[in-house]
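**Student:** In my numbering, the protein residues as written are 11 to 129.
These aren't lab readings, by the way, just hints derived from the structure by calculation.
All clues given are correct.
Think about it this way: if two alpha-carbon atoms lie no more than 20 Å apart in a straight line, the pair counts; the simulated DMTMM-like pairs of lysine to aspartate or glutamate are:
1. LYS101 / ASP30
2. LYS101 / GLU28
3. LYS101 / GLU19
Computed from a predicted model, the values in this text were never measured in an experiment.
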Amino acid sequence: MNAFNRLPEFVQTPAGRERDVLRLLPRVLVFGTLLLALPSLAARIFLGGGDAVDASTHLQMVDILALSIAVLHWTVVLTVAIAAFIVMVMKGPAYVADAYPLEDSEVPDSPDCRQPASY
Numbered sequence: 011m012n013a014f015n016r017l018p019e020f021v022q023t024p025a026g027r028e029r030d031v032l033r034l035l036p037r038v039l040v041f042g043t044l045l046l047a048l049p050s051l052a053a054r055i056f057l058g059g060g061d062a063v064d065a066s067t068h069l070q071m072v073d074i075l076a077l078s079i080a081v082l083h084w085t086v087v088l089t090v091a092i093a094a095f096i097v098m099v100m101k102g103p104a105y106v107a108d109a110y111p112l113e114d115s116e117v118p119d120s121p122d123c124r125q126p127a128s129y
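Build out the structure end to end from the sequences listed, making use of the hints.
**Tutor:** Printed below as a string of structure tokens:
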């Protein structure tokens with residue numbers, strides 16, 4: 011018995027923009043992360059001189075902001091990837107949920123159509 015029985019009359023939707031989005035996401039993740047790391051690198055280059063305590067405080071603030079925005083970027087990329095994957099799966103072939111015959115409840119002799127029990 012085959013666990014995945016395709017519906018024979020189902021017309022599969024052709025692939026669309028979701029495949030392009032899924033192909034583009036790894037590059038967006040890597041280049042976006044590198045771009046978001048640039049302010050931290052620039053702060054280390056330009057804020058290196060002067061008072062050590064003040065420079066250290068500014069560097070920590072820039073690092074925290076850069077890291078938090080990078081984590082937000084990763085979360086957005088993951089969310090877009092999940093959405094594109096769901097669209098891709100939904101456009102795929104349709105499968106029969108189960109092969110059991112459905113008993114119709116519209117038949118008058120069935121137990122579902124009798125008078126409901128009063129409680």
